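J.: Assemble chain G onto chain V, guided by the hints.
Next come the chains, spelled out residue by residue.
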Amino acid sequence: MEREILIVGVNHRSAPVEVREQLAFNDGLLDGALRTLRTLAPIEEGVILSTCNRVEVVAATADGDSAIEALTDFLAAGEHISRERLVEHLSVYRGREAVRHLFRVAASLDSMVVGEPQILGQLKEFYGRAASAGSAGTVLHRCFHKSFSVAKRVRTETGVASKAVSVSAAAVELACKIFDRLEDKTAMLIGAGTMSELAARHLLAHGIRSFIVTNRTFDRAVELAREFRGTPVPFEDFRRYLQMADVIIGSTAADEYVLTAPLAHEVLRERKYRPMFLIDMSVPRNFDPAINDIDNVYLYDVDDLGGVTEENRDDRQREAEKAESIVEQEVDAFWKWLAGLEAVPTIVALRDKIESIRRAELEKTLATLRELSPQEREALDAMTSALVNKILHAPITHLKQHDRQQEAFYLAAARRLFGIEEPEDQ
Amino acid sequence: MSGLFLAVALALYLLATATFVAYQVAAHDALRRVAVTLLAAAFGMHAASLALRAALMGYEVIATFHDELSFIACIMVGLYLLIALRTNLTVVGALVTPLAFLLALSSFALNVPSPELSPRLQSIWLPAHVAPAFLGYAIFAVAFCLSLIYLVQERQLKAKRKGDLFRRLPSLEVLDNLNHRFVTWGFALFTVGIITGSFLAKVTWGELWSWEPVQVWSLVTWLLYAVLLHARSVGWRGRKAATLTIVGFAILVASFLSVNLVFPGKHGGTFG
Numbered sequence: 001m002e003r004e005i006l007i008v009g010v011n012h013r014s015a016p017v018e019v020r021e022q023l024a025f026n027d028g029l030l031d032g033a034l035r036t037l038r039t040l041a042p043i044e045e046g047v048i049l050s051t052c053n054r055v056e057v058v059a060a061t062a063d064g065d066s067a068i069e070a071l072t073d074f075l076a077a078g079e080h081i082s083r084e085r086l087v088e089h090l091s092v093y094r095g096r097e098a099v100r101h102l103f104r105v106a107a108s109l110d111s112m113v114v115g116e117p118q119i120l121g122q123l124k125e126f127y128g129r130a131a132s133a134g135s136a137g138t139v140l141h142r143c144f145h146k147s148f149s150v151a152k153r154v155r156t157e158t159g160v161a162s163k164a165v166s167v168s169a170a171a172v173e174l175a176c177k178i179f180d181r182l183e184d185k186t187a188m189l190i191g192a193g194t195m196s197e198l199a200a201r202h203l204l205a206h207g208i209r210s211f212i213v214t215n216r217t218f219d220r221a222v223e224l225a226r227e228f229r230g231t232p233v234p235f236e237d238f239r240r241y242l243q244m245a246d247v248i249i250g251s252t253a254a255d256e257y258v259l260t261a262p263l264a265h266e267v268l269r270e271r272k273y274r275p276m277f278l279i280d281m282s283v284p285r286n287f288d289p290a291i292n293d294i295d296n297v298y299l300y301d302v303d304d305l306g307g308v309t310e311e312n313r314d315d316r317q318r319e320a321e322k323a324e325s326i327v328e329q330e331v332d333a334f335w336k337w338l339a340g341l342e343a344v345p346t347i348v349a350l351r352d353k354i355e356s357i358r359r360a361e362l363e364k365t366l367a368t369l370r371e372l373s374p375q376e377r378e379a380l381d382a383m384t385s386a387l388v389n390k391i392l393h394a395p396i397t398h399l400k401q402h403d404r405q406q407e408a409f410y411l412a413a414a415r416r417l418f419g420i421e422e423p424e425d426q
Numbered sequence: 001m002s003g004l005f006l007a008v009a010l011a012l013y014l015l016a017t018a019t020f021v022a023y024q025v026a027a028h029d030a031l032r033r034v035a036v037t038l039l040a041a042a043f044g045m046h047a048a049s050l051a052l053r054a055a056l057m058g059y060e061v062i063a064t065f066h067d068e069l070s071f072i073a074c075i076m077v078g079l080y081l082l083i084a085l086r087t088n089l090t091v092v093g094a095l096v097t098p099l100a101f102l103l104a105l106s107s108f109a110l111n112v113p114s115p116e117l118s119p120r121l122q123s124i125w126l127p128a129h130v131a132p133a134f135l136g137y138a139i140f141a142v143a144f145c146l147s148l149i150y151l152v153q154e155r156q157l158k159a160k161r162k163g164d165l166f167r168r169l170p171s172l173e174v175l176d177n178l179n180h181r182f183v184t185w186g187f188a189l190f191t192v193g194i195i196t197g198s199f200l201a202k203v204t205w206g207e208l209w210s211w212e213p214v215q216v217w218s219l220v221t222w223l224l225y226a227v228l229l230h231a232r233s234v235g236w237r238g239r240k241a242a243t244l245t246i247v248g249f250a251i252l253v254a255s256f257l258s259v260n261l262v263f264p265g266k267h268g269g270t271f272g
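Protein chains in written order, with my numbering: chain V, 1 to 426; chain G, 1 to 272.
Next comes chain V alone, as it looks inside the complex (with noise of 0.2 Å):
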């Protein structure tokens, strides 16, 4: 029997909001779910990922197949959502993909925006509370532990995280800086693209409570609309409310100006010329640049929010593409690592090496020993054979019991203990 890493659940490339939201564990049920994901009977370990990106068990087992089956029930549980819709948006990695996967996501290569740093405390966070649930074991450990050290890598050895800060954040430090407070303002999506979804949902996380939404497809209007708690308008429409805006987030896949400067002049005027906060996510652009000239306007792009500029998108791809390849090499790494888990690599390892010991040594002492006849030489060399074999009779015994939680700590241990670890993970 193999083990396997599964990762079971929805991210924000599988599933909707609406879906993550449905399934996510708050803080208050997290530990009772994790009690819960010990007693799965497929499951050895489990480790529970619960963000507003993504809502993920990250399990070790001996039998992939029915974890799979369990983490479906396991997840579908909350009642909120049925299981047919569930296993609609569900996304499995299984083996090295699960390795990648959760490489990527700590490294911040899975985010919404990539290199964003909040990830990685939440990867933490969330293997931490798994950690002391008891529900983490010893692959689950080391696979997280690599992670960490994979997104440290990526962020010392790559300019992905270091370039692309948050831009919702970005967003929002702004608006703080232009705004006294964001309660009592307006803001308006004109077009329903993911970018300003996340940068709307910040901006309802610090304080904006109304919502105007506007997108050429009106049924996306209304649905994003709903999920503000905002006020859905036609396309055709739209300019007639831009003045109650106090922030603007423009991502339409228009090819010229939604937003033109004379336009914004007149929507200052109607609106006494109170300042407004336009974000503009799209590209090609839809605000006319030169409306961040007109006074109280603040026209920022994704660029000026990340701090990234146009010249350097195709280094962002270079890094992205280092970033890559140090998953890649660390997924290597750590699959060897694993594969070294199961009882028959280790105990042949084991053997080898201390078969190696013992013939140099032999070889040494036969060397200086000339004088002694062949049949004492083979004593001496079944002497030692013996020896070793005594030495190692009660650890391989114990490696090859059959708790599976208890071989895989065990077989950890006694590569660690006899030095035949891969050389990068000492």
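No lab work stands behind these hints, which were simulated from the structure alone. Fair warning: this is a prediction, and the values are worked out from it, not measured in the lab. Idealized CB from N, CA, C, for every residue including glycine. Treat the hints with care, as some may be off.
Cross-link-like lysine-lysine pairs, in silico, DSBU-like; alpha carbons within 35 Å at most [said to hold, decoys possible]: (1) V:Lys272 to G:Lys160; (2) V:Lys146 to V:Lys353; (3) V:Lys322 to G:Lys162; (4) V:Lys152 to G:Lys162; (5) V:Lys272 to G:Lys158; (6) V:Lys152 to G:Lys160; (7) V:Lys124 to V:Lys146; (8) V:Lys322 to V:Lys146; (9) V:Lys322 to G:Lys160; (10) G:Lys240 to V:Lys272; (11) G:Lys162 to V:Lys272; (12) G:Lys160 to V:Lys124.
Facing chain V, from chain G, some residues (calculated, C-beta under 8 Å) [what the hints assert, rightly or not]: (13) Val174; (14) Val234; (15) Lys240.
T.: Only chain G this time, still in chain V's reference frame:
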């Protein structure tokens, strides 16, 4: 005695300035508390020194230019401390404190004996004129500081510079609202000062309005602030309002200096 208090106040102003600046650099919350405490102590000393002098000399306490400066500085600091009670605008403190230090220092350094006040000036209209006028000046001075900070922060937002300074400075809305409130109050007091001043003029010079330099300058400043307040209702807010506040204050300072130092008429010199 009052000289000693003023000297201590000066030393405390200097320390408070250093601490405010240190806070702008290091952003350590303890520094902010120390700075505000030092400034409050300086204010106490300064006010005590002025009160002692007033008790000793009566109206003559404001008979000279540098005494006036000292009064205005003290009121400015008091105003800032009021702001500091309610908000966290340390950067305003970092501007107001050194300004108060310089004003009080000039008062200390130019400590010449006060000339006799003309007996005709010793009327109830003198404090009724001087108190609101000085309060108005001090309020305009703080509004000026707020406007400077507004312009700096506005510049950074437009230019998309998000450095340390940007993070430290308060939001535009806070600065603009506070500025508006200060200008409104300053304008009201300034108006009262002009009206009571003309009564004082009636008592001392025999006529309400004599187109004497300070009166003319005051009228110009008054009109400018009136325009500023009115224009806000049609959308002159933010950068334009801040610029006008600065211009208004510059005219105020220019008139104050010119009548006191350059053309001492009947208003300045012996009495500002």
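J.: With reference to the structure, classify each hint as holding or not holding.
T.: Consistency of the hints with the structure:
1. V:Lys272 to G:Lys160: 24 Å, holds
2. V:Lys146 to V:Lys353: Given that 35 Å is the threshold and the Cα spacing comes to 26 Å, the pair holds.
3. V:Lys322 to G:Lys162: 28 Å, holds
4. V:Lys152 to G:Lys162: 25 Å, holds
5. V:Lys272 to G:Lys158: Satisfied, since the Cα-Cα distance of roughly 19 Å is no more than 35 Å.
6. V:Lys152 to G:Lys160: 29 Å, holds
7. V:Lys124 to V:Lys146: The given pair, whose Cα atoms are some 12 Å apart, holds under the 35 Å limit.
8. V:Lys322 to V:Lys146: Holds. Lys322 (chain V) to Lys146 (chain V) sits at ~18 Å (cutoff 35 Å).
9. V:Lys322 to G:Lys160: Holds: Lys322 (chain V) and Lys160 (chain G) sit about 29 Å apart, inside 35 Å.
10. G:Lys240 to V:Lys272: 13 Å, holds
11. G:Lys162 to V:Lys272: Holds, at about 27 Å.
12. G:Lys160 to V:Lys124: 33 Å, holds
13. Val174: 5 Å, holds
14. Val234: This interface hint holds because 7 Å falls under the 8 Å limit.
15. Lys240: 7 Å, holds
Violated hints are absent here; each numbered hint is respected by the structure.
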